[in-house]
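Just so you know, the protein sequences line up as chains A and B, in that order.
For the first sequence, our numbering assigns the number 1 to the initial residue and increments by one for each residue that follows.
For the second sequence, our numbering assigns the number 1 to the initial residue and increments by one for each residue that follows.
Hints listed in this document are in silico derivations from the structure and should not be mistaken for laboratory results.
Note that the coordinates shown come from a computational prediction; the quantities given were computed from them, not determined experimentally.
For every residue, glycine included, the Cβ atom is placed at its ideal position computed from N, Cα and C.
Certain hints may be false.
[Stated by the list, open to error] Cut-off 25 Å, straight-line C-alpha distance, at most; resulting in silico cross-link-like pairs (SDA-like, lysine to any residue):
1. A:Lys3 <-> B:Glu59
2. B:Lys42 <-> A:Thr21
3. B:Lys57 <-> B:Lys83
4. B:Lys42 <-> A:Asp94
5. A:Lys101 <-> B:Val47
[Stated by the list, open to error] Facing chain A, from chain B, some residues (calculated, C-beta under 10 Å):
6. Gln6
7. Tyr35
8. Gln41
9. Lys42
10. Tyr50
11. Glu56
12. Glu68
13. Arg69
14. Pro70
15. Phe91
16. Ala93
17. Gly96
18. Glu106
19. Gln107
20. Val117
[Said to hold, decoys possible] What follows is a list of derived Cβ distance ranges for each label pair:
21. A:Phe63 <-> B:Ser81: 46 to 52 Å
22. B:Gln17 <-> A:Phe63: 31 to 37 Å
23. B:Leu30 <-> A:Gln42: 23 to 29 Å
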Amino acid sequence: LAKTTQPISMDSYEGQEVNITCSHNNIATNDYITWYQQFPSQGPRFIIQGYKTKVTNEVASLFIPADRKSSTLSLPRVSLSDTAVYYCLVERRDDKIIFGKGTRLHILP
Amino acid sequence: EPEVTQTPSHQVTQMGQEVILRCVPISNHLYFYWYRQILGQKVEFLVSFYNNEISEKSEIFDDQFSVERPDGSNFTLKIRSTKLEDSAMYFCASSGGGQEGAFSYEQYFGPGTRLTVT
Chain A
1 LAKTTQPISM DSYEGQEVNI TCSHNNIATN DYITWYQQFP SQGPRFIIQG
51 YKTKVTNEVA SLFIPADRKS STLSLPRVSL SDTAVYYCLV ERRDDKIIFG
101 KGTRLHILP
Chain B
1 EPEVTQTPSH QVTQMGQEVI LRCVPISNHL YFYWYRQILG QKVEFLVSFY
51 NNEISEKSEI FDDQFSVERP DGSNFTLKIR STKLEDSAMY FCASSGGGQE
101 GAFSYEQYFG PGTRLTVT
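All chains, please: the whole structure from these sequences, using the hints.
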């Protein structure tokens, strides 16, 4: 499984756009890039998944450059409730998830 | 929106006792998983289950652990003789549903069962 590298923590303010970048230099051809969110004492929650270029849903956007060696999760206009741990994962879609430590995002008022 | 449910939400047991953690995955899903998260640590994969058999298991999933899908709806994790270090949050997840062309692989996680071994 490809290893990912993402910031340990980030702070931002309510109403700002937050971009969390993840590096995955050894991504394989059949790997997808997936982001999960986890609140304390809750199960991880799927946010978004992509293979290349840009994917957008009602929660976030995912930007993937042509070489796929990195990706950026973009959260528009964050609120206090977006404070959570965000995991960047690179995996085959039908495979187990290997979680890293993720990025602790702290939103300030 | 469909969801994965888990019972109980909190289980306290004594060392050496057997526990069964229960999960009801999303009804049309095909892949089932158990993960655990020790307080303050990463979420760790335990086992995956597909087509009524274990498809993969981690080093954590030793002979003390077993999984079952007894009736087509429940998915259980049994720990035969609990140890103090089994204290953790246990998450069930399921994935793999939908029709051809719109098959979804995203894993849906349950709310977890907090297991405390004393």
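Each hint, compared with the structure:
{"no.": "1", "hint": "A:Lys3 <-> B:Glu59", "verdict": "holds, 19 Å"}
{"no.": "2", "hint": "B:Lys42 <-> A:Thr21", "verdict": "holds, 19 Å"}
{"no.": "3", "hint": "B:Lys57 <-> B:Lys83", "verdict": "holds, 19 Å"}
{"no.": "4", "hint": "B:Lys42 <-> A:Asp94", "verdict": "holds, 21 Å"}
{"no.": "5", "hint": "A:Lys101 <-> B:Val47", "verdict": "holds, 20 Å"}
{"no.": "6", "hint": "Gln6", "verdict": "holds, 8 Å"}
{"no.": "7", "hint": "Tyr35", "verdict": "holds, 8 Å"}
{"no.": "8", "hint": "Gln41", "verdict": "holds, 9 Å"}
{"no.": "9", "hint": "Lys42", "verdict": "holds, 5 Å"}
{"no.": "10", "hint": "Tyr50", "verdict": "holds, 9 Å"}
{"no.": "11", "hint": "Glu56", "verdict": "holds, 6 Å"}
{"no.": "12", "hint": "Glu68", "verdict": "violated, 19 Å"}
{"no.": "13", "hint": "Arg69", "verdict": "violated, 17 Å"}
{"no.": "14", "hint": "Pro70", "verdict": "violated, 22 Å"}
{"no.": "15", "hint": "Phe91", "verdict": "holds, 5 Å"}
{"no.": "16", "hint": "Ala93", "verdict": "holds, 7 Å"}
{"no.": "17", "hint": "Gly96", "verdict": "holds, 7 Å"}
{"no.": "18", "hint": "Glu106", "verdict": "holds, 4 Å"}
{"no.": "19", "hint": "Gln107", "verdict": "holds, 6 Å"}
{"no.": "20", "hint": "Val117", "verdict": "violated, 18 Å"}
{"no.": "21", "hint": "A:Phe63 <-> B:Ser81: 46 to 52 Å", "verdict": "holds, 49 Å"}
{"no.": "22", "hint": "B:Gln17 <-> A:Phe63: 31 to 37 Å", "verdict": "violated, 49 Å"}
{"no.": "23", "hint": "B:Leu30 <-> A:Gln42: 23 to 29 Å", "verdict": "holds, 24 Å"}
Hints 12, 13, 14, 20 and 22 from the list above are not met by this structure, while the remaining hints are.
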